[in-house]
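Chains as they are written, first to last, in our numbering: chain A, 1 to 143; chain B, 1 to 651.
These are calculated hints, taken from the structure and not from any lab test.
Please note that a few of the clues may not be correct.
[To be verified] Derived lysine-lysine pairs resembling BS3-like cross-links, with alpha carbons at most 27 Å apart: (1) A/Lys17 / B/Lys529; (2) B/Lys563 / B/Lys517; (3) A/Lys87 / B/Lys529; (4) B/Lys563 / A/Lys117.
[Claimed, not checked] Short derived list, chain B residues pointing at chain A, Cβ under 8 Å: (5) Ser73; (6) Glu102; (7) Lys120; (8) Ser124; (9) Ala310; (10) Gly566; (11) Glu617; (12) Ser623; (13) Leu649.
Every residue gets a Cβ at the ideal spot worked out from N, C-alpha and C, and that includes glycine.
Next come the chains, spelled out residue by residue.
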Amino acid sequence: MSAQTPYEPKIVAFLCKWCSSAGSDLAGVSRIQYPANATPITVACSGGVSPQFVLSAFHKGADGVLVSGCHIGDCHYMEGNFHARRKLYLVKELLEFTGVEPDRFRMSWVSAAEGAKFAQVVRDFVEDLRPLGPQDKLKAERP
Amino acid sequence: MSSGKRTGVFVCHCGNNIAATVDVVKVAQEMAGEEGVVCTKDYVYMCSDPGQKAVIEAIKENRLDSVVVTCCSPNLHEKTFRDNAKAAGLNSFTCEIANIREQCSWVHKDRGVATAKAIKISRSAVRRVGRNQALEPIAVGVTRRVLVIGGGIAGIQASLDLANAGLDVVLVEKQATLGGHMIQLSETFPTLDCSQCILSPKMVEVSRHPKITLMTYSEVQEVSGYVGNFKARILRKPTFVDPETCKLCDDCSQVCPVVVPNEYELGLTARRAIYIPFAQAMPASYTLDESACLGLNPIVCGKCKDVCEAGAINYDMRPRSEIVEVGAVVVATGFDLYGQDNLGEYGHGKYEDVLDGLQFERLCSASGPTKGKVLRPSDHSEPKDVVFIQCAGSRDPAQHCAWCSKICCMYTAKHASLYKHHVPDGRAWVFYIDIRSGGKGYEEFVQRTMENDEAIYLRGRVSRLYRENGKIRVLGTDTLSGQNVEIDADMVVLALAMQPSTGTAEAAKVLKIGRDKDGFLAEAHPKLKPVESVTAGIFLAGTAQGPKDIPETVAQASAAAAKVIGLLSQPQLSHAPTVARVRKAHCTGCEMCVDACPYDAIHLANGKAVVNDVLCEGCGACSATCLRAAIEVINATPLQMNEMIEAVLNF
Ligand code: FES
C-alpha cells in the first residue's frame, strides 16, 4: 500500500440469500450509499458458513469478515442462524487466541426489509476496522 | 483452478444503471483474462430479447459449457438467464449471476472503486461456475390426499373446497364435534345472521361428503415426510358410543350421576359425563368423557349402558392409532381466548357477572343456557347496566398481548347492539381505546350501534372494578371529556384478546413449522405467501395464523385449499437438486451433521452419513459442521467457496 492512499480495509461479507443479501439488494434499490470495502458472497444460510471460510478469508488477506443472516428466529432454514451464532462466536475466541483482534470478525442480523441497516452495518464495520490497520497475522504470502 | 472449462461472461450495462458507475468494458476485459473464460461480451440490456439471443448465439458459437451473467440481483433474472442457457442446450445449473447492480453500481459513486468491486464480484462467479455441476431437478411423486387439522370454520371451508375439487380429505378435530368457536356464536357481525344457521349446513355437508373422512375426538400425533408425501399418525380417542347405533334419545345422560362444567356453554351450564356437546353436533352422537366417568365399569356405575336400548355404549373401546398418507396439510387449529386467569384486575373468573365475549354470545343465543334471554349468572335478573371493556388483554405489550385482536371492536359493537335488542331499556357502556372497524359494512354497523341502539361509547380505560351491593362498580376515565366515570354495572363483558390455541402450539410442534413472536403460525412471507408455511406442502388457514374475523378466515381457508389443489394437480413435484452430498471416503460416521440438519434429512447407514435428497433443502448446516469436509452442498462446495474468497480478495 502506497503512503499517499489512505488504508482501505478489505472485507469479505457472507450474506445469507434470504435476508441479508435481499437486504443489501434493497439498499441498492433505495440507492443508499455505503463504502465499497465489503465484497459480498451470497450463501444459502449463515448457518452454512463454516468457521473455515472465515479463517480462509483472513488467510487470503481480508482485514475484516462479516457474516450476516436473518434475524434470530427468522432463519429460512429455521435454526441456521442459531448454529451460526453459536459456532462463529468461537471463531472470535480463536482469533483472539491467535493474536488477531477479534473485532475483525463481525456478525449481524439484517432482514430483507432493512436496506438502511445493511448500509449502516458496513459503514460501522469499515470505521471500526480503520484504526486496526491491515491484518497480517493470518495473511499468507501469495503462493 | 477450473481448467478445461469453456466459460462465457456477459456483462450487462443495464442502460446506465450499471454502466454509469461501473466500467463495464473493463469488467469484460478483466474477465477475459480469467482461466477458462473463452468469450466475453457486454451489452446495453442483456435481459432484452436481442441480449438473450446474443447470449444463445455466443454459447453455440464458442461451444460454451458454462455462463456468467454479470447484471442485477439473481432474484430478478437468474431464472431468465438459466432458462436462456437451457434454450442454448446447456444445463441450467451451469449458469451463475454476478450481482453488480444492487450490490455495487447503485450503492457506490466512485467509478474506479465500483469497477474494482464489480470485477471481484464477477470473478467470484466465474470461479464458482467453473466447478458447477450439471444438475436435474429431483422428481418426487405425490399423494392426492390432504390432511386438514381443525374442524372450525377454517378447516370446514378448506375441506369442502378440497373435496369439491376431487381430492380426498382427512379432517381431524380434537373435540367431539365440528364447529369450533364459530358454532358458539349467537349472531355474526355486521349482518347479524345467526351463526348456527350458516355453519350447521356446512357441518352436515362435511359429514356427508364422500370425499371427506371425518375424524373427530382425534389428534394428530406425528407427521413425517415431505411435500407430496407426508405420513401422519392420528390418535382416535374412544367415545365409548357407536355413532351408527346411537339414536340420540338422551336416556343415557338423564341417568348419568356425574356433573361437570359444559365446555360448549363455557361453564355457564353443566353437562353429564356422557353427553352430546349441543343438539346439532356433528357427528350426531353422544360421547362418554372418560376423565369424568366414574370408571367405565358396570360394577361401579354402568347406568348409561343399562338404559341404552340401542346398545350403542361399549366400555371396551380403546384408543387407536391410524396412519394416513397425504400430499399436503392444512393447519386450521384456531384460537383461544386470552385466559381469564390473566386478567385478574378485571375480576374475570372471580366475579360471576364478569363474563368474556364467548360467554356473552351464549347468553344471547336462542340455544344457549338462558334460551336467548340476557340474564346475570349470579341471580338470573335482567341486567340494566352492562359495561363492555374492549382491548382486554390486547394492545398491552407491557402486561399482556402486544397485538390487536382485530375482531373485538366489531364483536363488542355487536354485543352492545344485541343487548339493546334484548333489553331495550338497559344501558350499554363501551370502554374503548379506539374503534377499528375496517371491513365491508363494519363502520356503518358501529355507527348504528351508537346512534340507533344508543350504546354509550367512552374512550378510555377501566382502572378498577369491584363488587359492591350486588353490583360491580366500574371505575374508569373518559379521555374525551376528561371526566372520571363510575358505573354501577349489573354485568361486565370483557372483549378478551385472541391468542393462538393450545392446539396451534401442538400442531406447530408436530409439524415442525415456525411460529411468530406471538405464537401464531408463521407464514412463509408476510405479504406474498400468506397461506404457506415455510415448510413446503404445509398451509395455514384461519386464526391459527393470526387474529381474523369469519370472512377473512373463510377467504384464507379457500386460498389455502386453492394452493393445495395447485400443488397436488401436478403429476410430479420437483425439488431443487442443490442438496448435500457425502464424500464417503472422508466420513467417519460421527453424526454431527445428523444433529445439525434442521430437516432430519441425514441418517447413518453402515457407519456413513446418507442424505435424503428430497428432504434436504441445501442450507449447508451439515457442511459447516463437518470437521472433515466429508459433506458438502453441490454447487456450493467448500472448494468453490474458497475459490470465491480468493477471487474477492485478489489473492
Ligand atoms: S437463511 Fe438467513 S440466516 Fe439462515
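Taking the hints in turn, this is what the structure says about them:
{"no.": "1", "hint": "A/Lys17 / B/Lys529", "in the structure": "18 Å, holds"}
{"no.": "2", "hint": "B/Lys563 / B/Lys517", "in the structure": "25 Å, holds"}
{"no.": "3", "hint": "A/Lys87 / B/Lys529", "in the structure": "31 Å, violated"}
{"no.": "4", "hint": "B/Lys563 / A/Lys117", "in the structure": "34 Å, violated"}
{"no.": "5", "hint": "Ser73", "in the structure": "5 Å, holds"}
{"no.": "6", "hint": "Glu102", "in the structure": "3 Å, holds"}
{"no.": "7", "hint": "Lys120", "in the structure": "5 Å, holds"}
{"no.": "8", "hint": "Ser124", "in the structure": "6 Å, holds"}
{"no.": "9", "hint": "Ala310", "in the structure": "51 Å, violated"}
{"no.": "10", "hint": "Gly566", "in the structure": "22 Å, violated"}
{"no.": "11", "hint": "Glu617", "in the structure": "6 Å, holds"}
{"no.": "12", "hint": "Ser623", "in the structure": "6 Å, holds"}
{"no.": "13", "hint": "Leu649", "in the structure": "5 Å, holds"}
The structure fails hints 3, 4, 9 and 10 (numbered hints given earlier, in ascending order).
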